[in-house]
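J.: First to last, the sequence lines map onto chains A and B. For the first sequence, our numbering assigns the number 1165 to the initial residue and increments by one for each residue that follows. For the second sequence, our numbering assigns the number 516 to the initial residue and increments by one for each residue that follows.
It is worth saying that the hints were derived from the structure and are not from the lab. Watch out, some of these pointers could steer you wrong.
[Said to hold, decoys possible] Away from chain A, derived, C-beta distances all over 12 Å, residues of chain B:
id : residue
1  : R522
2  : G590
3  : G774
4  : H808
5  : D824
6  : R942
7  : A1007
8  : H1358
[As the list claims (entries may be wrong)] Simulated coverage check for chain A against chain B, where a stretch passes if three residues somewhere in it have a Cβ under 8 Å from a Cβ of chain B:
id : region
9  : 1300-1312
10 : 1321-1333
11 : 1347-1358
The beta-carbon is built from N, C-alpha and C at its ideal position, and this holds for glycine as well.
Next come the chains, spelled out residue by residue.
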Amino acid sequence: MRGLFDRPTVVNNVLTLASVPAILADGPAAYAAHGTGRSRGTQVFQLGGNVLRGGLVEVGFGMTLRELVEDFGGGTRSGRPVRAVQIGGPLGGYLPADRLDVPLDYEALAAAGAMLGHGGVVVHDDTVDLARMARFAMEFCAKESCGKCTPCRIGSRRGVEILDRVLAGDRFTDSARDADLLLLQDLCTTMERGSLCAMGGLTPLPVRTALRWFPEDFRRPPHADPGDSAPQAHQADHDRARR
Amino acid sequence: MSFEPERDFGTPAVAGDPTATVAIDGAAIAVPPGTSVLRAAALAGVDIPRLCATDSLAAFGSCRLCLVEIDGLPGTPASCTTPCVDGMTVHTATETLAAVRSGVMELYLSEHPIDCAGCARGSCELGALARALGVTESRYRPAQPAPSAEAPDESNPYFVFDPAACILCSRCVRACAEVQGTFALTIAGRGPQSMVSAGGTDFLSSECVSCGACVQACPTSALQETSLVELGMPTRAVDTTCAYCGVGCSFRAEVQGEGADTRVVRMVPSRAGRANEGHSCVKGRFAIGYADHPDRVMAPMVRDTIDDDWRAVSWEHAIARVADGFRTLQTAYGPGAIGGISSSRCTNEEVYVVQKMVRAAFGNNNIDTCARVCHSPTGYGLGQTFGTSAGTQDFASVDDADVVLLIGANPTDAHPVFASRLKRRLRAGAQLIVADPRRIDLVRSPHVEAVHHLPVRPGTNVAFVNAVAHVVVTEGLADLTFLDARCQDVAAYLEFIAGEEHSPEATGAVTGIPAADLRAAARLFAAGPRSAIYYGLGVTEHSQGSTMVMGMANLAMITGMIGRPGVGVNPLRGQNNVQGSCDMGSFPHELPGYRHVSRPEVRAIYEHLWGVPIQPEPGLRIPNMLDAALGGSFRGLYVQGEDIAQSDPNTTHVVAALRAMDLVVVHDLFLNETSRSAHVFLPGSSFLEKDGTFTNAERRINRVRPVMPSRVGKDEWQVVCEIATAMGFAMDYAHPREIMAEIAATTPTFAGVSFARLDALGSMQWPVPDRDSTGTPIMHVDAFVRGRGRLVPTPYVPTTERTSRRFPLLLTTGRILSHYNVGAQTRRTPNTTWHPADLLEIHPADADLRGIRSGDRVELASRVGATWLLAQVSERVPPGVVYTTFHHPETGANVVTTDNSDWATQCPEYKVTAVEVTVANAGARR
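Please put together the full structure from these sequences, using the hints given.
T.: Okay, here's the thing in structure tokens:
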């Protein structure tokens, strides 16, 4: 491994570099005055999904997720109630509507079973099917996996297949579904502990939080969700959020 | 398998003192810092499950089975990629780990064929590990087959690639890169679509050189020897040594059956082999089918004249015919009328008894060896300058070299396992200078590129090496301290070499090397700090071969590049035991250990032991024997394991000489060109049947162990002893170890050698002066063997073989990877898949001028003779030079080579023949 021009080289992302002018202009103390606890300074949130006012929001750490979604975002674009918010990016965890009062800092989010990640926030209304969103996480992993390590390369494919069976619903007995959901939890453990990098290691986070907060979505009878077009719409929200 | 595979510690060893003490499941072990937790655990006797890790490859961390828990560290890191730190406490068998490993294994099994042949056979580590982890089936029910489930690739004659059994561990890809250095394999695609690919084509059409490193590395049955698929698992293993080139790779012959029913399932290179460290090439690993080829002669045969048909006879009859025939000739024509030629493919013990038969039973010194035609100048040149007739280093020394000067050698074809080692060092940053008329592969190949390619014109090596030395001396780059402390005749040499006639500018017109390139290369070599010379037959097979060897020795001495790791003068020797056959007294002027027959105190050793007088005058060399045969004074010849009618120069002359003799005895595996002129044929035994030792190019004495008894009823050493005994000189040994005991008792450099010590130590490099010594990896460390290194002035004398209007091109010869020497073995294997015929390489400019296109049948004519072969138009050769190999007898390459030879040793000048090339049959054009 070599640095640029064979010199020691620091690699930073654009969020870090964007903070530099403000720190240089106003001094480190002014920057550190933002934030809360051990999460100091500011974070740029990418507010997207089913939200009235999407975009980039730079605030000091510590604002609650609800303030971000409702005050900055203005609630859902569809006007329907917020049901779930995914925070951290495509591999971030889902939080249900009644848990949005969590402060947006590293420690508080970790305590809530989520993570700050790169600050992506995707809002979903009450038409979302979290089983489909769990499948989307596995599919995303299968698509993005480099293929080097086993849990990510094979596990993501198996995850998609399990969730396809769960979503198909009618073809399986309850005990078959229970076995599949247990297998899904075991797969998540294998991927979390076994994956080589955060790609496979974090894919279980949206899956597990969906299972934890929205268990009913994984036990629906077939065709009981409101319309086949919804999943595509929610995935489109994701795609918009990623752009 | 009823034998244990060699232990695999998971990741490579790390150099250093064992200062990091770690506790692994309660067992404490001290390792060099940086050693992986996986390896430390293996050393501590804790076997952590893994599939992608093997100690021949850098840790990769992909299978995720070797996970451990470490106190104070979060999560479950992979033990293969986690370095040991002093004080670490590691747990390898917790419930958490068992769950993750089971989970990973279930994922593997979800894509592994239920009917995996390797799992059923026992050659698939995945199946074995699944059972060990208690995972018998996978709960996953894949909706679609694994993406790699394509049809098996059976294009390679020696191994099959079955993508269905592949687990994407990349061991094959990494082995191809890290071990072999060919970079033929890759992982194509990404994510779940990943699959092993030979670059988008099948294995045979790819860059693959069929070394088999990938097959050995594969933990499943995705890459498997065809022989294993056909024969099933081996039941026992025998450690032995390859019988091809002078690298001398150690192998484990994995076989089925006992005694005469033994079948070799596969050859697996030994990790413990110090010449090859677990690697091999296509010849050693795969091309052993000749040993049970139907062409093998299984019974002795005789005939009255060479026009008669052969008839099979008993051993007693054949031996009596030889003994009586030789004695009759000696009675009629004198004791010197017969002689023998020993083989560089036979063991030290076999060679020793042949020269003993000649010296004691024949009563003359008419013993010579095929080394005459290859490295005799090495023996002479290094003997004159350093005091010993062998290379100065072990192969491992190249790992320490900063600059490598490669002269007249093509290791990727002729010494592939050494080439892999060299390439590894070059990828790590060492710099390469290639001096060769051809653009050999090492000039530029994946991740390796020579800093300088000096296209020295054939026949001008001495002018070239003098120019390098001239630059070193006149630019003040010589190591005067070394010269002052270690060498003699310094002033005279420095004055000689400083002469302006040796300057790159003056020699450039002769060598064809631009002066600026040569100066830059000379400066690079002198700067080192550790510069090594490696060379091959492109140095020795010249009229000034011995001069060139001394010129290289001079260069090493004036730059102080001798006597330490990473430097030295290193011949890459052609045949498996060419070093040993020379060591064993195969030359007419030297008793074993390179001691001249004129020395009474040396003769006395043998005269005392053998009870017969030893002649004090050197006997006849091969060319002298042939000349004497045509002159009528030399009438009988015993030839062991060498086909002089194909391999020696000026075939017409050789055949005429053989036909002039009354009794020609050939002792070989197959009828060959020489046996066409023979009266007695004695069937030989292959290396799989031999018990003895081979000595490789680094002076390493390796054991050759029989995997089966001789298939022809008698070992070769026994046959020779019986001939001698029948001639009235009793030679009787119960076992080859007794022959080695006699060698050790009579030869100071072998004094500490015995089969028992070799078996205990694995191998030893001579000199082994006593039983306390374990051998000498690097020679001339504190002083040269001869005391002071001798600098010898090396004036350049052009060969008399010159181009002319009639013969305007220079022919030079060489080797190709898939074949060995005259091809007697490799032509009888599927290696002909790669090289079914010898080709004549010719530069496009020369080809255009003659209207020659690739594939044309051309006539190759010299002043001596003419032959015909197919042309390959190639920019590998420079204009004015053509090149061919001599692996196929129908090529008759030596029909055109001349009688010219090295002034000191009569080693033939194979590398320079003036020729003309013309289209022989344009109708053959496709």
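J.: If a hint holds in the structure, say so; if it doesn't, say that too.
T.: Results for each hint:
{"no.": "1", "hint": "R522", "in the structure": "holds, 25 Å"}
{"no.": "2", "hint": "G590", "in the structure": "violated, 7 Å"}
{"no.": "3", "hint": "G774", "in the structure": "holds, 45 Å"}
{"no.": "4", "hint": "H808", "in the structure": "holds, 44 Å"}
{"no.": "5", "hint": "D824", "in the structure": "holds, 65 Å"}
{"no.": "6", "hint": "R942", "in the structure": "holds, 15 Å"}
{"no.": "7", "hint": "A1007", "in the structure": "holds, 47 Å"}
{"no.": "8", "hint": "H1358", "in the structure": "holds, 39 Å"}
{"no.": "9", "hint": "1300-1312", "in the structure": "holds (count 7)"}
{"no.": "10", "hint": "1321-1333", "in the structure": "holds (count 5)"}
{"no.": "11", "hint": "1347-1358", "in the structure": "holds (count 7)"}
When the structure is compared with the earlier hints, a violation turns up for hint 2 alone.
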